[in-house]
Amino acid sequence: MKLSARMSVSVAALLAAGLTATACAPQTSDNGSAGDEKSGTLRVWLFQEVNNKPKEKVVDSVVAAFEKAHDGTEVDVEYIPVETRAQRIKAAFNDPESAPDLVEYGNTDTAGYVEDGGLADVTEDFADWSEAKDTDPTAKRSVTVGGKVYGAPYFVGVRALYYRTDVFEELDLDVPRTQKELISTAKEIRRARPDLYGLAVGGAYTYGAMPFIWAHGGELAEEKGGSYVSAVDGADARKGIEAYTSLFGDDNCPAAKCAGMGGNDTVTAFASGKAAMAIGGDFSHQAVEAGKVKGEYAVVPLPGVESGEIAPAFAGGNNLGVLRSTSHRTLAVDLMKRLASKEAQEDLFDAMGFLPTFTDVRGKVAQKEPFVEPFVETLDAGTEFVPASPAWARIDSSQVLPTMFQEIVSGRKDVGAAARDAARKMDDAFGSAG
Numbered sequence: 001m002k003l004s005a006r007m008s009v010s011v012a013a014l015l016a017a018g019l020t021a022t023a024c025a026p027q028t029s030d031n032g033s034a035g036d037e038k039s040g041t042l043r044v045w046l047f048q049e050v051n052n053k054p055k056e057k058v059v060d061s062v063v064a065a066f067e068k069a070h071d072g073t074e075v076d077v078e079y080i081p082v083e084t085r086a087q088r089i090k091a092a093f094n095d096p097e098s099a100p101d102l103v104e105y106g107n108t109d110t111a112g113y114v115e116d117g118g119l120a121d122v123t124e125d126f127a128d129w130s131e132a133k134d135t136d137p138t139a140k141r142s143v144t145v146g147g148k149v150y151g152a153p154y155f156v157g158v159r160a161l162y163y164r165t166d167v168f169e170e171l172d173l174d175v176p177r178t179q180k181e182l183i184s185t186a187k188e189i190r191r192a193r194p195d196l197y198g199l200a201v202g203g204a205y206t207y208g209a210m211p212f213i214w215a216h217g218g219e220l221a222e223e224k225g226g227s228y229v230s231a232v233d234g235a236d237a238r239k240g241i242e243a244y245t246s247l248f249g250d251d252n253c254p255a256a257k258c259a260g261m262g263g264n265d266t267v268t269a270f271a272s273g274k275a276a277m278a279i280g281g282d283f284s285h286q287a288v289e290a291g292k293v294k295g296e297y298a299v300v301p302l303p304g305v306e307s308g309e310i311a312p313a314f315a316g317g318n319n320l321g322v323l324r325s326t327s328h329r330t331l332a333v334d335l336m337k338r339l340a341s342k343e344a345q346e347d348l349f350d351a352m353g354f355l356p357t358f359t360d361v362r363g364k365v366a367q368k369e370p371f372v373e374p375f376v377e378t379l380d381a382g383t384e385f386v387p388a389s390p391a392w393a394r395i396d397s398s399q400v401l402p403t404m405f406q407e408i409v410s411g412r413k414d415v416g417a418a419a420r421d422a423a424r425k426m427d428d429a430f431g432s433a434g
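Numbering (my numbering), first residue to last: 1 to 434.
For the record, the hints were derived by calculation from the structure and aren't laboratory data. Be a bit skeptical, because a hint or two may be false.
Stated by the list, open to error - Computed beta-carbon distance windows for the label pairs: (1) L171 <-> N94: 52 to 60 Å; (2) K257 <-> D36: 50 to 58 Å; (3) P254 <-> S307: 38 to 46 Å; (4) L171 <-> D428: 30 to 38 Å; (5) E343 <-> R424: 30 to 38 Å; (6) S307 <-> S227: 32 to 40 Å; (7) G146 <-> D172: 47 to 55 Å.
The beta carbon of each residue, even a glycine, is placed where N, CA and C say it ideally should be.
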């Protein structure tokens with residue numbers, strides 16, 4: 001899920017809301033529903049966007065076609081605030097009478113919601129869906145827990161490298177082709193233009209740091225025996241951590257200012273003209289266009305370790321899921337497929353700029369909007385995802401990785417010690433999740 005209000009990437013609120021693990025993933029064919037009525041009112045909860053009207057128009061069109069296809073059926077769509085989604089969804093899991101039939105949720109929330117017993121197993125429905133074959137593999141992973149599918153990917157978001165074309169022209173710089181060049185170029189800019197961050201980075205920008213770990217061959221965790229074991233202290237992961245944290249300092253982005261910055265802060269620094277480069281998402285495009293650098297920037301995939309490589313990006317985004325408690329399972333599954341269909345995702349891109357989860361549709365929209373091309377290229381090169389464990393909620397809410405980065409850039413710990421401490425905390429969380 002992307003790290004913005006639109007994408008709802010944080011699962012911290014989910015844990016804070018006190019979700020209690022119940023039984024394991026649904027095993028029965030009816031997914032615990034109260035029946036399968038073929039008419040009546042379906043309740044749908046979708047996320048409220050900053051500018052929600054274009055989204056509503058797309059959804060209304062899908063709903064109208066659905067209601068026409070199902071006599072005696074009505075759809076009640078409610079747009080819920082992203083900030084309070086965890087409390088609302090927790091209450092829905094605990095009170096089926098007030099629960100929706102279909103819900104939009106952040107893709108890093110999947111494992112926690114499945115452990116809580118809230119989402120219906122739609123594995124067979126997904127397999128029978130003709131369009132599903134073109135779903136991006138990482139997007140499918142985001143709805144998959146224990147080999148079973150618990151929803152349909154709705155849209156995806158990734159990050160790439162934004163850079164100031166005017167600054168690069170002024171200083172006669174080439175666009176970095178490797179992470180080593182990225183780091184040296186950032187520092188060269190800072191020397192020549194001390195009024196700028198070379199590359200805006202943040203100690204709390206977990207999803208901007210992860211590509212450095214993955215590009216060096218590291219992993220966040222490895223699945224073993226049905227659970228996960230942290231790998232963030234592995235040799236390759238440490239190389240990536242060292243590369244990322246080397247960007248904090250007076251020679252690029254001073255730790256005193258940048259250690260506490262998150263993703264939105266780094267994009268804001270770039271859009272306001274305070275940074276020559278930033279790692280931003282496709283979903284950051286509108287904010288940058290509205291800033292001082294409009295017309296003076298370009299975007300390329302974040303480089304990997306070797307020239308020509310693209311650093312694996314975190315595949316954020318949102319999914320749609322049928323609640324296990326629904327009494328309209330067949331109808332809810334049909335509406336889920338319609339809302340997440342190729343046609344609807346293309347319309348949603350046109351309305352909101354959200355990238356489709358289907359590879360063929362992404363190629364189509366990239367031809368319409370050139371700014372999408374580096375993000376599509378990044379997705380096509382291969383993306384990564386967080387461990388599909390409910391423990392990720394605890395890891396995320398406890399700020400394990402930001403704490404690790406901040407301990408390093410502040411000088412309190414070296415890379416090895418900070419990574420070991422982070423790995424121990426992650427393993428405690430994985431162990432408690434079973």
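Each hint, compared with the structure:
Separated by about 58 Å at the C-beta atoms, L171 and N94 satisfy the suggested range of 52 to 60 Å. For the pair K257 and D36, the beta carbons lie near 56 Å from each other, so the given range of 50 to 58 Å is met. The hint said 38 to 46 Å for the Cβ distance between P254 and S307, and at roughly 29 Å that hint is violated. Between L171 and D428 the beta carbons are some 47 Å apart, a value that contradicts the proposed interval 30 to 38 Å.
Range check, E343 to R424: Cβ separation about 48 Å, and the 30 to 38 Å hint is violated. Taken as a hint, the range 32 to 40 Å holds for the pair S307 and S227, whose Cβ atoms sit roughly 38 Å apart. The given range of 47 to 55 Å is respected by G146 and D172, whose C-beta atoms sit roughly 54 Å from each other.
Violated hints, in rising order: 3, 4, 5; the structure is consistent with all others.
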